[in-house]
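Undergrad: Following the hints, position chain B against chain A.
Top to bottom, those sequences are chains A and B.
Counting in our numbering, the first sequence runs from 1 upward without gaps.
Counting in our numbering, the second sequence runs from 1 upward without gaps.
Treat the hints with care, since some could be wrong.
What the hints assert, rightly or not - If you want a taste of the chain B side facing chain A, the calculated C-beta under 8 Å gives, among others:
1) 13
2) 36
3) 38
4) 41
5) 47
6) 51
7) 52
8) 59
9) 67
10) 70
11) 86
If you are wondering where the hints come from, they were derived from the structure by calculation, not from laboratory data.
Glycine included, every Cβ here is placed at the ideal spot set by N, Cα and C.
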Amino acid sequence: MDDLLRDFLTESGESLTIVDGEMVKLEADPNNKEVLQKIFRLVHTIKGTCGFVGLPRLEKVAHASENVLGKFRDGVLLVTPDAVTLILESMDCIKTIMSGIEQTEAEPQGDDSGLITRLEEMAASGGGDAGGTVAEHQEFLRAQAAEAAESAAASQAESGVKAEPVEAAPAPVKEVASDKNPAPAGAKAPEASLANQSIRVNVDVIEQLIVMVSELVLTRNQLLEMVRHSNDSEFKVPLQCLSNVTAELQGSVMKTRMQPIGNAWSKLPRIVRDLANELGKKIELQMCGADTELDRQVLELIKDPLTHMIRNSADHGLETPAERKATGKSDTGVINLRALHEGGHIIVEIADDGIGLAIDKIRAKALANGIVTESELARMSDAQINRFIFHAGLSTAQKVTNVSGRGVGMDVVRSNIELIGGSIDLKSKEGHGTTFTIKIPLTMAIVSALIVGVHSMRFAIPQICVMELVRAAEGTDTKIERINTTSVLRLRDRLLPLVRLSEVLSLPPIERTEAPEAYIVVAQAGGQTFGIVVDTVFDTGEIVVKPVCSILKEIPLFSGNTILGDGSVIMILDPNGVASAVSGEVATRAAAANAAGLVVADREQKQAMLLFRAGSPEPKAVLLGAVTRLEVSDATKFERSDGRCVLQYRGALMPIITSLSGALREEGGQPVLVFSEGEQTVGVAVDEILDIVDANLRFELTASGSGVIGTAVVRDKATEVIDISHHVGDVFQTWFTKRVAQAQRRHILLVDDSPFFRTMVAPLLMSAGYDVTEAATAELALKFREEGKSFNLILSDIDMPGMGGRKFASAIIQDSQWGSTPVIGMAADTDSDELGTFDVLARKFDREGLLEAVRGIISSQERAA
Amino acid sequence: MSRTSNNSNEFVTVAIGPQLFGIPIGLVNDIFRPERLTSVPLSHPDIAGVLNLRGRIVTMIDCRRRLGIVRGPEERDFMAVGVEKDGDHYGLLFDRAGEVLRFQPEAHEPTPVNLDPHWRTVSKGVFRLETGLLVLLDVGVLLDFSRKAAA
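Only chain B is shown next, with the shape it has when bound in the complex:
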């Protein structure tokens, strides 16, 4: 609904396998390499665990699982993007985190209707890059564990 305004069209690019994703930079607290992850028994399968990030306890979300992406062949080398929701700190696990890009609003496309329904709910649109397509993630939906899976 909300159009990306001028000061918020900068995005941190992250990737799972070859697929690029973008997260609005205003939402990102840190980008870090996760260390000493403690898994939490009985938790939702998409929760990779909890870890200590400079004295804060951060709950890590495995975005590969969250987005239903089949495990890739290569060994995973995680990078995490720290975000905050309702006062809780979360880390979103991706394969890589890249540079910050500024997008022209003209390059913004609505989410293609034929996208996987689950992806459609977490996507806020697509940006055309020279190297490929970048899916803009809706972090709120991604972290909404009360929501039923897209039916």
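Only chain A is shown next, with the shape it has when bound in the complex:
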């Protein structure tokens, strides 16, 4: 894009935003000459520049608005709400045209004559010689349009502009003319000195600077740490100097990214004004602390949540003037927006003096949605109940209006704010209004964090979600109590669910007696409050957040990593990740705790598993059903043959897989898990066989091929369930899956056009012990029939290109060969009563439900057999 055009768009965009705000101001205070003058100047500049760059359509609209503004200025026309609306409308029109220009680099086609006529009528209505002015204007416009059509040179267009005010408003000829003569440049003249002091810098350059300063800070910290430990003072003075300079440099560079929060607010007065008109309410928006600065990245990200919340306050928070009068309030509702610095964070408050939250409705809705039980509700404070509005699907607005309630709720606002490491809370008093408090970090690059230790590892927890630190020790008031195996903390009058960091991170247990004391980091994240139990708390500090590499990104518990002053790297915990990693656990445990030991029904099927240790200290598990025998053989009996390890076993050579345990023992008994299928036998060497337990198995599809089929919670610890087929190699792969399914070896035909879905579901079915044959279309599936294959069950997608699932199912039913084979239809949604020819309908993406349906049919077949 042309530089000139780009500068025009940037500058005019800024000007228009200011005009919006100033117009609202002017409406409230019509006699403010200063504001009017400012608006006039801005619009005039836009118009002038339009002519200069050659944008006739834009120029015409700007020109017509300027005329009306000119009448305001001359006192000929009164500043009425209607007039203001019209001006704002024309500003919107200009914005639309500008966005068109931005996309295509040319003025979009369109007809603004309606708007222009109304502007002209407005301008004319104020003038004494109304008729004449209008006529003159139209004459002029026509002339100008003709000029534009002849693709007039920019300078000509400009001269047209210059001439115009002379005709339109004959009185202040001299003043206007002299004011306008150097039009585009002249309007900027008073600001020229200011403009020269600032330059536009590409954001990338600033980002690069920040990265480098962060590196510098880290290096400085390392140097400081080194010098602190040595008595050699030679470096101390220059290092101190370096340290100061670095700190200043960091401050200055950070400042380049800082922008006043007012930039995110600039559109709000206009939005509130329009809302007030639309809703028939009187609303006053008070803003304070607009010059509070924060990182532009953060600024961009809070714009939308802020706008949403202001809309909410105006729409749901404030009452109509009549309602307000009835409750003895002034008829104008006030929304107060406030920003301030507080200890490295920005606090933004959005307060309204409206009706407040209807706590009974929230209570009822939370109950209805099954978020809480009645007994839990009874124990909750009002503040806790109010926080339910941050849950999904809990809008308390009675009616969905044009303004809000369009499916974007406070839960989205909350998650957006948490995304940038912020938090949100609210206070509400019924009848007196609601105050939302958003706490956001100044910048996302550097956060203050608490360094905690568990076992011998250190982790950083972002300070923003830490509410308090509690030291729990035996014999004191604060101690960790247990309900069954669940840890809770009695904190003041509440029971706080606890999670042990070592367990969440699946750290191997270390041999020791129960620690006499522990620290509990009380954290708030993901809409819940919980305690994270750690061994020690080191200190707090500013850390530079560095993203983790892509292969570590899939671990939801970490939001990044950082280099500490001593040069070591530690991981930064993501409190939301911790919350979601434990939420199931915490939620059910908290519920259990609240209901005083109520047992949560266990719907998952228990599986017998063999626990063993191999390669690492933490226990691993295999499905017991897959294991044929457990053997302990003398270590000397193992032989190497052809690069593979083998064992003489029942008169044959049995290959021994050592990929799990690493090396075999040198002497003594070597435990071996024996797996077999038909004639084939294979042994897997392990370090130690531990136990046989019953535990719930949770399949992980993402883990397919990684050697793990899922995790099981064994004695409250997540234990990896090993996919033996992965370790015994491809030769044995096919027979192994059959082996698992020995008791229920059934063959399933999976028909779905989506390869993604097939790769997702096939391993799931296989790990559940079924043989799976896949077909991409119904036609292919029918080929299997021609080949004489038979299946115990057919799983078919309903929506498929070619022969759809329904047609496929009816084709099967009428068939002598496959007629008795049950067909499960899979749909994205089973709300509709589309059962038709299917035996069962299952939700496509509900893994548990799908498995349940398959199991149900298979077991009924078994009973029938």
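TA: Leaving out everything else, chain B in the frame of chain A:
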């Protein structure tokens, strides 16, 4: 697919036990002795941890595990080769790192078909040396954790 061109037939040789491997020198940022390795809980078993290499955070890959080589008897004395992939820094842990060798294209052999399937995917070919055979590693495949294990 891509034939090794003239300026890229220099390789850093590394070894696990007696087995030699080669990594194209163009991919290697540094060779360093890993210090202060921080293990990352819940990470892939082949990830040895993260460490700070001159202000950069480097994710360390245990190539012995990655290549499925049974733990050797001797105490491991790591050397690491620093490489970059998609803007992330990785360190590949080997037992030893040796000199830089220049190979004649004539000495390049395709990967033997009877090689372990997993090795076959990470090998870009074999070079005949006087002292033994050197497997040329495909660093991209080695670092591709989304890839399913060779089946």
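Undergrad: How about residue 41 of chain B: closest beta carbon in chain A under 8 Å, or not?
TA: holds (4 Å)
Undergrad: Quick check on residue 36 of chain B please, does its C-beta sit within 8 Å of some C-beta on chain A?
TA: holds (5 Å)
Undergrad: Does residue 59 of chain B hold up as a contact with chain A if the rule is Cβ-Cβ below 8 Å?
TA: holds (4 Å)
Undergrad: Holds or violated: is the Cβ of residue 13 of chain B closer than 8 Å to a Cβ in chain A?
TA: This interface hint is violated because 23 Å lies over the 8 Å limit.
Undergrad: For the hint on residue 86 of chain B, does the least C-beta distance to chain A fall short of 8 Å?
TA: holds (6 Å)
Undergrad: Holds or violated: residue 51 of chain B as interface residue toward chain A, Cβ cutoff 8 Å?
TA: Holds, because the Cβ-Cβ distance from residue 51 of chain B to chain A comes to roughly 6 Å (cut-off 8 Å).
Undergrad: Would you settle whether the hint for residue 67 of chain B is holds or violated, based on the nearest Cβ-Cβ distance to chain A being less than 8 Å?
TA: Residue 67 of chain B check fails; min Cβ-Cβ to chain A is 11 Å, beyond 8 Å.
Undergrad: Report holds or violated for the interface hint on residue 38 of chain B, using the least CB-CB distance to chain A and a cut-off of 8 Å.
TA: holds (5 Å)
Undergrad: Should the interface hint for residue 52 of chain B be scored as holding, given a Cβ-Cβ cut-off of 8 Å against chain A?
TA: holds (5 Å)
Undergrad: Any CB of chain A closer than 8 Å to the CB of residue 47 of chain B?
TA: holds (7 Å)
Undergrad: Answer holds if the nearest beta-carbon of chain A is closer than 8 Å to that of residue 70 of chain B; otherwise answer violated.
TA: Holds, because the Cβ-Cβ distance from residue 70 of chain B to chain A comes to roughly 6 Å (cut-off 8 Å).
Violated hints, listed in ascending order, are 1, 9; each of the other numbered hints is respected by the structure.
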